[in-house]
Amino acid sequence: MRLINQHPSRGTRWMLAAIPMILIIVVYLVNSHLRLVENPEDKLLPSVSQMWEALKLMAFTEDPSTGTFLMLDDTLSSLKRLGMSLAIVASLGLTLGILLGSIPLLRASLSPLVAIISMVPPLAILPILFIVFGLDELSKVMLIVIGLTPMLARDLEQRARELPKEIIIKAQTLGANSWTLMIRVVLPQLLARLMTSLRLLMGSAWLFLISAEAISSTEGLGYRIFLVRRYLAMDVILPYVLWITLLAWLTDYALKKLHQVCFPWAEGADA
Amino acid sequence: MLVRRFTIALTLLCFSLFNTTAFAADSKKQFNICWTIYAGWMPWDYAQAKGIVAKWAKKYGITIKVTQLNDYAESINQYTAGQFDGCSMANLDALVVPAAGGVDSTALIVGDYSNGNDGIVIKGANKQIKDLKGQSVHLVQYSVSHYLLARALEQAGLTQKDLKLVNVSDADVVAAFSTPSVKAMATWNPQLSELAALPNTSKAFTSSQIPGEIIDLMVVNTDTLRKNPSLGKALTGAWFEVMALMKAKDKEALQYMAKHSGTTLDSYMQQISTTALFYEPAASLAFVRDAKLPTVMQKVSSFSFENGLLGPAAKSATAIGIEYPNGVVIGNSKNIKLRFTDTYLQMAVDGKL
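Order-wise, the sequence lines are chains Z and Y.
The first sequence: position 224 = 281 (my numbering), numbered continuously.
The second sequence: position 347 = 1250 (my numbering), numbered continuously.
Since the hints were derived computationally from the structure, they do not count as laboratory data.
Hints should not be assumed to be uniformly reliable.
[To be verified] Stretch by stretch, here's where chain Y covers chain Z in the computed footprint (C-beta under 8 angstroms, at least three residues):
id	region
1	93-99
2	182-196
3	277-290
[Said to hold, decoys possible] Here chain Z is said to cover these stretches of chain Y; the calculated rule only asks that three of the stretch's residues, wherever they fall, bring their Cβ under 8 angstroms from a Cβ of chain Z:
id	region
4	1069-1076
5	1211-1218
Where is the CB? At the ideal position from N, CA and C, for every residue including glycine.
Just need the whole structure built from these sequences, with the hints factored in.
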């Protein structure tokens, strides 16, 4: 049988999915062990127990100077920044996407601008962002917003323009004006796509969040990583990275489930 | 069938990965040194570019590759991870990264100490350190700026708990200072002179008030140096050849260093004037033999321990032993991880390199 026609059975699929992960873990453990045998104080590849000790200190021990749990503080402030930014990105991106996708006059005027703005790397213009939005929470949220909104808007605009002409014409023959067309035809279609686009953008969102927290902060998951990176505390960094990965995966899973529940009709195309 | 073949292939790949890391060659003639841009380290750039390092290495039958890295914290991490045999770094960083990471390191060359290159700038005229009470200070946390701030607060009768520390990335220092929410910044040159030059600011404290406490070093792996003393000889020889040029105010050399640190000759000379460079091997030798050095390192150890920089395994500020010339050890003598040596400086003084 040809390779492209061989499909793994259910059990094999689980095994095939597990093999690379197990391999990574084994490679890590062996290399970590080798380095620690040579130098028990090695900071680069800490052992599981060293990471656990660091995690206990960060997550389950009250910090003497603030009286709170550092990892909880970090997680809450990062999630707050991320949630706020994604809410703004989603509403701005959706609005822009609908408007640019369905009103040709507006599209002619704004679409090229959005395309150009989406090319500006926000990290390159950080000093300007500081002056305009200050150094506090706002600049961190804005960095993510500026980084993601144009991408989302362009994606949604494209999806709106891909809606079959027949549907648009049919709605008009049934008496829809521009407003009802946008609200009743375009919006539901784009809402379904929004979930999928957000899932794809989550990686960039975390990237911008971590960069934003390096700018100027006193707490946050990215802040902590940047801080302890100065003295190579991989025993803190690695558990934090795993924690971020878990959070990101959970968000992705939640968005996927939400999509399944809210837009079962769009599952075929977007799933 | 296919699955099995796939698994075998992956297993083989996996083992080949182990082998490359496990059997890295140990006997060597080729050495890698890294450095980052800083007024007191530009001589390494010049020495590499003009073949001075190559000349000295050849004299001792080895080759030395000097690499410039762009991120200071990363350069120390790379050295600690074993990618380089030596790297330029400050005394605080040498203690909290390689030494605390169990990499036995030797401060081969004490190049200079900061004598005004690090400082604290507060917005407003005639501000003093005691005005920082209750304020927030922006700085690169756990860097030498943090140490400088701790020392400044100590002298003003304040502690870190009296103010709020906000971490900034060193690349963003100047831009961040121009925003209204930033009231005070602890940083180093060239950013420091940028900030101090702004109207209505006060330079409330500089490292010239704690001379000899922030020291810039060329740190090499102790094990490598022991097996290959020629590495120490070649680096020391090359370094003091450039120092002699700088002392003689060699226009070409200074201009080269200014250009490659991204600034003008005037501004570079300004930075050099607040860097107490040891132009003569004898001056550097006197500094490492001075009884003041252990006192300074004890302060640095206490600061590092109090801020948790020595790692969770450290039970006290003396957990890491530091060795000074003539076999003097301060701290845990069973865990010596940082050594100041006078062997190569003495050779340079005696003209035996």
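Please list, smallest to largest, the hint numbers that this structure does not respect. none
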